[in-house]
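**Q** Since the structure of chain A is provided, determine the placement of chain B on it from the hints.
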Amino acid sequence: MYKRKYSIILGFLVIAVVSTMTLIAGCATTSPKTERASGAQLWAQKCQSCHNAPPPSTWNTQQWDVVIYHMRIKANLTNKEAQKIVAFLKQ
Amino acid sequence: MINKKKYLGYIINSGLMLWLLFTAIPTLAQTNSSTTPDFKFGDTHFALLGEFGYGADITSNSTSFISPDLGLMPLYQQGNFFFEAGFGANFEDPAHPIGIGPINLSYMLPSGILIRAGHFDALPLGRMPRDYDPPWINPLAIGPRGYDNFGDFSDFGVQVQGGGYINDMQLRTYFSVTNGAALSTDPGSAGLLNEASLEDNNKAKMIGGRVSLTPFFSSNFEVGFSDYYSSNVGDSGSNFDGIGANMMAIDANVAPTVQSLKGFIRVRGQINFVHVDKTNYMNANGNSYSFNNNSTAWYGLLAYQPSMSSSTFFSNVMTSFMLSHTNTPKGANWDEIGTGTQYDVGLTYWFNWRTNLKFDYDIQDKADNALMIHVGLQL
Chain A
154 MYKRKYSIIL GFLVIAVVST MTLIAGCATT SPKTERASGA QLWAQKCQSC HNAPPPSTWN
214 TQQWDVVIYH MRIKANLTNK EAQKIVAFLK Q
Chain B
2 MINKKKYLGY IINSGLMLWL LFTAIPTLAQ TNSSTTPDFK FGDTHFALLG EFGYGADITS
62 NSTSFISPDL GLMPLYQQGN FFFEAGFGAN FEDPAHPIGI GPINLSYMLP SGILIRAGHF
122 DALPLGRMPR DYDPPWINPL AIGPRGYDNF GDFSDFGVQV QGGGYINDMQ LRTYFSVTNG
182 AALSTDPGSA GLLNEASLED NNKAKMIGGR VSLTPFFSSN FEVGFSDYYS SNVGDSGSNF
242 DGIGANMMAI DANVAPTVQS LKGFIRVRGQ INFVHVDKTN YMNANGNSYS FNNNSTAWYG
302 LLAYQPSMSS STFFSNVMTS FMLSHTNTPK GANWDEIGTG TQYDVGLTYW FNWRTNLKFD
362 YDIQDKADNA LMIHVGLQL
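So the protein lines, in turn, are chains A and B. Numbering-wise, the first sequence is residues 154 to 244 according to the working numbering. Numbering-wise, the second sequence is residues 2 to 380 according to the working numbering.
With the rest of the complex left out, here is chain A (with noise of 0.2 Å):
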C-alpha cells in the first residue's frame, strides 16, 4: 500500500524533475509576445486571473513600486511583466 503510494509521488516527482529540468533549460526572461504587448494589455491579463485589476489612480507612484514587488511574490511576475505594467501604472 504505501509502496503503491510512494511510487504514484515519485512518478508525479519524476515528471515535475524532468518536465522542468527540460522547460528550464530553454528558458528566457521574456517572449516575443511578452515584449510586443503593451503595460496596460498585460496590466488587465494578470491581475485579472486572480482579481479585479486595480486602476491606475489606486495608489501613488512610490506605492505602486512596492505593491508590483508584493504582487511580484504572490503572482510570481517576470521582470518584463512587472515593469510594463508599473510603467503603466505609474502612468
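Source of the hints: derived by calculation from the structure; they are not laboratory data. No residue lacks a Cβ here, since even glycine has one placed at the ideal position from N, Cα and C.
Below, in silico cross-link-like pairs of lysine-lysine (DSS-like), each with a Cα-Cα straight-line distance of 27 Å or less: (1) Lys263(B) <-> Lys199(A); (2) Lys227(A) <-> Lys206(B); (3) Lys186(A) <-> Lys227(A); (4) Lys263(B) <-> Lys186(A); (5) Lys206(B) <-> Lys279(B); (6) Lys227(A) <-> Lys199(A).
Computed, partial: chain A to chain B, Cβ under 7 Å: (7) Lys186; (8) Ser202; (9) His204; (10) Asp218; (11) Val219; (12) His223.
**A** Leaving out everything else, chain B in the frame of chain A:
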C-alpha cells in the same frame, strides 16, 4: 518496510533538491547573456495594505454576526530588498487578540529570481490560499470545504521562486524548505497535520514547491502541480518520531473575457491529496487505534460577471457557483471535519475593484443551510 520508506523519502528529497538546482541555476546564468534590462525600483518605499471582512450568517435556527476579519500588512521596499509583515485581529482567542504573520524578507536577484526567508502566509499548495483568503477577492463568503485542513499552511523557512518563457509559454516555479507541518496526536484531531509552530518539533524539514505552466500568451489559463514532503512530522523522541507526510495538489485556473457574453468568466479547480504514514493513536478512552491516513479535498468554481453590460448595475454583479468535497479516512476520529460535500451559490456586487457585498447560499452535509451576507474590502 521502514527502510524502503526512508529510501523512497531520500529519493524524493533528492529529486526536489535537483528540481531547485535545475530551475534556479540555469535561469540565474541567463542574466549575463540577457538583453532584458533589469527591473529597477526606486530607493526606499513604504505602503500599508489591509483587508476587512464582516457579515452575518442566517440559518433556520439562528442569525449570527461573524467575527470581523481585519488584517494589516505593512510593506517596505529598499532597493532589491523587500519586507512584508501581517497583523490580524483575533477575536476567537482573548489571550492572543492580535495574530502575527507573515513576516519575511525577500531579495530579488537581477535575473528576477526571488529569495525569501521568514514566515510565509501560505505555502503555494495549488492556488487556493491566494485566491480565497482575502474577503475582497473571494466572490463567496467562505472558501472550499476542507481547505483549512488540507492545503492552507503557513510555515517558517526559505523560499526561492522564479520562472521564464519558452517562446510564449510561461513557466513559474516555487521551491521552499521549511520547518514543516506537525502531526496532531490529540484525540479529536489525531492524524491531522497542524501548521508549524515557532518551536520546530523535529530535525526533519518539509521540502517542496509548485511548478505552473501558462501555455497560451493570449489566455491567462494556468495549470499547476505542487508537492510538499517531510520524512518526519512527529515530535522527536515520541512514539510518532519518523512518521512521514506528503501533500500534493493539481490546480487549473482561467479567467477569459468573452465578447459574446459581454463580460468575463472565471473557472477554477483544484484537488489536494494528503498522505500521512499509518501509525497507532490513542483515543479519549486510552484505547489504541489506527487508520490509513489518506485525505482528498477538491473544488470547482464557475463565476460570471457581465462587465461590458450597458447597465452599470449589472456590469458590477458577479454570479458564482462553487462545488467542493472532502474525503477523509475511515476510522479517523476528527471532530471538525469529515467526508462531505459543500455547495455555494453566490451573488456579489462590486462597488469598485476592491469592495464587495456578497450573498452566499451555502449547503453542506451535516450542517444547516445558511444564507451568508458578507462585505469585503481592501484597505
